[in-house]
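What follows is the residue order along each chain.
Number of protein chains: 2
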Amino acid sequence: MNVLIVGSTALDSIKTPKTQKTRLLGGSASHAAFAASFFSPVRMVGVVGEDFPKSSLRLYQKHRIDLQGLQIAPGKTFHWSGEYEVNMNNRRTLATELGVFETFTPRLPPSFQDTPFVLLANIAPALQLHVLDQMRRPRLVVADTMDLWLNIAMPDLLKLLRRVDGLVLNESEARQLAREDNLFRAAKKIRRLGPDFVIIKKGEHGAILSNRRGFFLSPAFPLEKVVDPTGAGDSFAGGMMGFLAGAKGPIEDNLPRAMIYGSIVASFCCEGFGVTATTRATRAGIEKRRRALEALTRF
Amino acid sequence: MNVLIVGSTALDSIKTPKTQKTRLLGGSASHAAFAASFFSPVRMVGVVGEDFPKSSLRLYQKHRIDLQGLQIAPGKTFHWSGEYEVNMNNRRTLATELGVFETFTPRLPPSFQDTPFVLLANIAPALQLHVLDQMRRPRLVVADTMDLWLNIAMPDLLKLLRRVDGLVLNESEARQLAREDNLFRAAKKIRRLGPDFVIIKKGEHGAILSNRRGFFLSPAFPLEKVVDPTGAGDSFAGGMMGFLAGAKGPIEDNLPRAMIYGSIVASFCCEGFGVTATTRATRAGIEKRRRALEALTRF
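These protein sequences, in sequence, are chains S and A. Reminder that position 54 of the first sequence reads as 98 in our numbering, one-by-one numbering, no gaps. Reminder that position 62 of the second sequence reads as 106 in our numbering, one-by-one numbering, no gaps.
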């Protein structure tokens, strides 16, 4: 089945201890869309400026990402630049130029409005809500978020939580949102705000799922070299949603395996700048890592 | 088969955000010995002072820990006091009174010298080496260590590494010892210093095994409440060694499962002050958590 992905579409400039790259294709929707495209057909909603490279448009198309919902607006594409510290775990934002993103309102083409699987990748919760207002009874809605919205848009976020099936967020965001340090308790507390399931992303330490069945602990694929972790969380969410949209049977049964596939696509994401390594991955390569991860965690 | 455990035997005073407890039975050898005792008979080597409570001696005995190697010396028992921060992940030492530990030289009773499984729990590497000098061809020697020895006793530690089969250490220690930030690469680098296998403990995030077969990722048992994590790492190592000593077949085949059992015993350790929760656990309770952990990680 189809997956609708709404989020940011950006050009990123990234500095790591070893290298610096400018104007890489990025944004939460881009990372998630490429990740999901391995498993299901993707419909993307976002906005770019007139400076957006044609080669990036072609890259989306090569991955059969439906761009009917991608607005090309007068002005500049959203540009984020950030820097990673030595251990690649901490990053700081150097600059954010919103460009056309500042006045972005997601508009769903009529053909997108009945997409069964919806991933609200990281953007302002008000925009995520606006997308839901345009949807007709989707089968599964999952939202991602970030600390910024916890700090400046909490009322919108709380409204959103009552309308989604699942929430994906990282460790520190979960602690902040739940006001609870223990991640297992935090996940349960967040579920009481609305979502049936909560997934806490722990980067290299994997991810935790909490739903009415209990917990599932997803390992991360071991990487001996991390080039650029930007977009790994978006890739995780995208890979997971793509897998769920392509899988048979109840969503609850498929969630653990979907998280594993999300982790695997995220591992590819980390091995190159921007979407370079993700877009070079193959379904066969993903299956190989999935089998390897099974062997690495069997006891 | 028997497990020999050498390390510190202490009285701990521990402050957490919620409570404060004084003169709890602790020390690396104590925690490891109780943990191992669920799976195999344990022989313990250590030193305590004349102030050491009789009730603690009885507690060891209740767990069939052979105390022939426990010296009772004139003076005071090693006393450590520490404080945990809100999230229970960071702790700081408030005071260390070495007492009889200052002049401790481990002496192995003749009956201990042919013990097949040896856990050199955390003490000065010079003392760990001195234990090995008294052993007759043990089947498996595993050492634990801590950052202090990396800072003040590196030459001894490097000597030790050439004489052990396995090394257990935590994340930051592994990074420091290998001078490598990536844990998978760090583990491989440490193996080049001597040990056939290296286990990196990541607390709530589980543990990583590196050996010639590759990696194994061990999950940690999810805990919704951590009372006192002191000794969790020692319990992990002790539980693992106890399981290995009690298991049939090649050690390499048993290592992943041994780590799982180590994690489970460590999870009990965290649920009470000192050894309270560990010593109240049962083999049946351990098996119950092992089955639960299998279900929590199946995909």
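Keep in mind the hints are simulated off the structure, nothing from the lab. A couple of the hints might just be wrong.
Note that the list lumps identical chains together, so a pair holds whenever it fits in one copy or between two copies.
What the hints assert, rightly or not - Using 27 Å as the maximum straight-line C-alpha spacing, the simulated DSSO-like pairs for lysine-lysine come out as follows: (1) Lys292 to Lys106; (2) Lys106 to Lys232; (3) Lys203 to Lys292; (4) Lys65 to Lys98; (5) Lys292 to Lys62; (6) Lys233 to Lys106; (7) Lys233 to Lys269; (8) Lys65 to Lys292; (9) Lys106 to Lys62.
Now for the hints, and whether the structure bears them out:
In this assembly of identical chains, the alpha carbons of Lys292 and Lys106 lie at most 27 Å apart only when taken from the same copy (26 Å versus 54 Å across copies). In this assembly of identical chains, Lys106 and Lys232 lie within 27 Å of each other by CA distance neither inside one copy nor across copies; the values are 40 Å within and 39 Å between. In this assembly of identical chains, Lys203 and Lys292 lie within 27 Å of each other by CA distance neither inside one copy nor across copies; the values are 31 Å within and 56 Å between. Within a single copy, Lys65 and Lys98 get their C-alpha atoms as close as 19 Å, which meets the 27 Å cut-off; across copies the closest is 66 Å, which misses it.
Taking the closest pair of Cα atoms, Lys292 and Lys62 never come within 27 Å of each other, the shortest separation being 43 Å inside a single copy and 48 Å across copies. Taking the shortest alpha-carbon separations for Lys233 and Lys106, neither the intra-copy value of 41 Å nor the inter-copy value of 41 Å comes in at or below 27 Å. Within a single copy, Lys233 and Lys269 get their C-alpha atoms only as close as 35 Å, which misses the 27 Å cut-off; across copies the closest is 14 Å, which meets it. In the homo-oligomer, the alpha carbons of Lys65 and Lys292 never lie at most 27 Å apart, since the shortest distance is 40 Å inside one protomer and 54 Å across protomers.
Proximity of Lys106 to Lys62 under the C-alpha cut-off of 27 Å is found in neither arrangement, the shortest distances being 30 Å within a copy and 57 Å between copies.
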